[in-house]
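Asker: From first to last, the protein sequence lines are chains A and B. Residue numbers for the first sequence, in my numbering: 74 to 216. Residue numbers for the second sequence, in my numbering: 157 to 292.
Hints were generated in silico from the structure; no laboratory data involved. Check before you lean on any hint, since a few could be wrong.
Far from chain B, by Cβ distances over 12 Å, these chain A residues were calculated [stated by the list, open to error]: (1) L120; (2) T170; (3) S209.
In silico lysine to any residue, SDA-like type, Cα no more than 20 Å apart, as pairs [said to hold, decoys possible]: (4) B/K171 with B/L251; (5) A/K142 with B/K171; (6) A/K158 with A/L208; (7) A/K142 with B/H291; (8) A/K102 with B/A190; (9) A/K142 with B/N258; (10) A/K142 with B/N255; (11) A/K198 with B/T254; (12) A/K142 with B/D290; (13) A/K183 with A/L103; (14) A/K175 with A/G79; (15) A/K76 with A/F167; (16) A/K198 with A/L86; (17) A/K183 with A/F167; (18) A/K102 with B/N214; (19) A/K198 with A/V143; (20) A/K102 with B/K171; (21) A/K142 with B/Y198; (22) A/K142 with B/Q264; (23) A/K183 with A/M131; (24) A/K142 with B/S257; (25) B/K171 with B/A190; (26) A/K142 with B/T292; (27) A/K142 with B/E250; (28) A/K102 with B/D209; (29) A/K76 with B/L211; (30) A/K183 with A/M151; (31) A/K102 with B/D215; (32) A/K198 with B/L211; (33) A/K102 with B/L211; (34) A/K142 with B/T254; (35) A/K175 with B/P213; (36) B/K171 with B/L211; (37) A/K142 with B/A190; (38) A/K158 with A/L120; (39) B/K171 with B/Q264; (40) A/K102 with B/N255.
Heads up, the beta-carbon is just placed ideally off N, CA and C, and yes, glycines get one too.
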Amino acid sequence: MPKYIGGTAMSILWSDNSGTMDITQQYTKLTAPWQTDLTEVSSGSALAKAYLPTLKDMLITYEGYSNGKVAPLGTAEMARLEPQKSGTFIWSPFGTTSGNPKWAAFCYVKNAEPDYPYADKVTFKLELQVSGELLSDGNTSSW
Amino acid sequence: MTDFAGSVDAALFSKLTTTPGTAFYGTRIYNMQAPEGVPRPYIIFSQIAGGNDNLTPNDSNDLTYRVECVGATRSDAATGNGYIQQALGSIQYELTVTNYSNYALQRQESFSRVDNIGGTQYWRRGDNYRIRFDHT
Numbered sequence: 074m075p076k077y078i079g080g081t082a083m084s085i086l087w088s089d090n091s092g093t094m095d096i097t098q099q100y101t102k103l104t105a106p107w108q109t110d111l112t113e114v115s116s117g118s119a120l121a122k123a124y125l126p127t128l129k130d131m132l133i134t135y136e137g138y139s140n141g142k143v144a145p146l147g148t149a150e151m152a153r154l155e156p157q158k159s160g161t162f163i164w165s166p167f168g169t170t171s172g173n174p175k176w177a178a179f180c181y182v183k184n185a186e187p188d189y190p191y192a193d194k195v196t197f198k199l200e201l202q203v204s205g206e207l208l209s210d211g212n213t214s215s216w
Numbered sequence: 157m158t159d160f161a162g163s164v165d166a167a168l169f170s171k172l173t174t175t176p177g178t179a180f181y182g183t184r185i186y187n188m189q190a191p192e193g194v195p196r197p198y199i200i201f202s203q204i205a206g207g208n209d210n211l212t213p214n215d216s217n218d219l220t221y222r223v224e225c226v227g228a229t230r231s232d233a234a235t236g237n238g239y240i241q242q243a244l245g246s247i248q249y250e251l252t253v254t255n256y257s258n259y260a261l262q263r264q265e266s267f268s269r270v271d272n273i274g275g276t277q278y279w280r281r282g283d284n285y286r287i288r289f290d291h292t
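Next up, chain A with everything else stripped away, as it sits in the complex (with noise of 0.2 Å):
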């Protein structure tokens, strides 16, 4: 069975107002769980529950390494991705060559996360929620 090891190739990009940074060099792990909620309309003489998707929602979580300093995922990156600022994130998995799939969203910052083990590498955690519609589904859009 073919195996897929991830992330070699990876692109991630926040775009703001302040133009577009480059925070894939860091990262240790990015996940990206999207989820619908559902509406129960199971009938009264049902004998099992039925539901219908209403909502789709995602909220991705990136994890890296901060140098402590300016950059790469220091200060002047962490500014950028204070609570309640927004941007688009952009990630693609095998990279922006094109054809390559990309993906897309429109976030607000909902949690921002260093932390500080002693004597060991500081990390920076990155809750970002999806606002809106997916700017690019990378299973069906590409670069």
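Given the coordinates of chain A, work out where chain B should sit on it, guided by the hints.
Answerer: Chain B only, in chain A's frame:
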């Protein structure tokens, strides 16, 4: 092709030859093995573990080096190792390697032993150092 391991070796050598310890062991600092008959005390260092940690797309490396002082007496080995600890003891940004940032240099396991070779005692004391680099 850049010899990253060779660059780290050179950076360690450079660091150990620009410390107060040089008054004690001079420039008798050798990678892996000292030449035969070299006077004691001397320092030997070598990479014993580690490599690319594959934690980010960046070329980050997590290495373990053993650095030790070999002395004619137990006391000499301890004194020399004290100088090594002093030279490599400030946690980060110690080593200069082109295109890399040495973001962590941490002393870890310590050891001491004595070898008897041809009726001569070689007292050894040293530590393992975890050395981490990020590509800049």
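Asker: Which of the listed hints are not met by the structure?
Answerer: Those not satisfied are hints 5, 8, 11, 17, 20, 21, 22, 36, 37, 38, 40.
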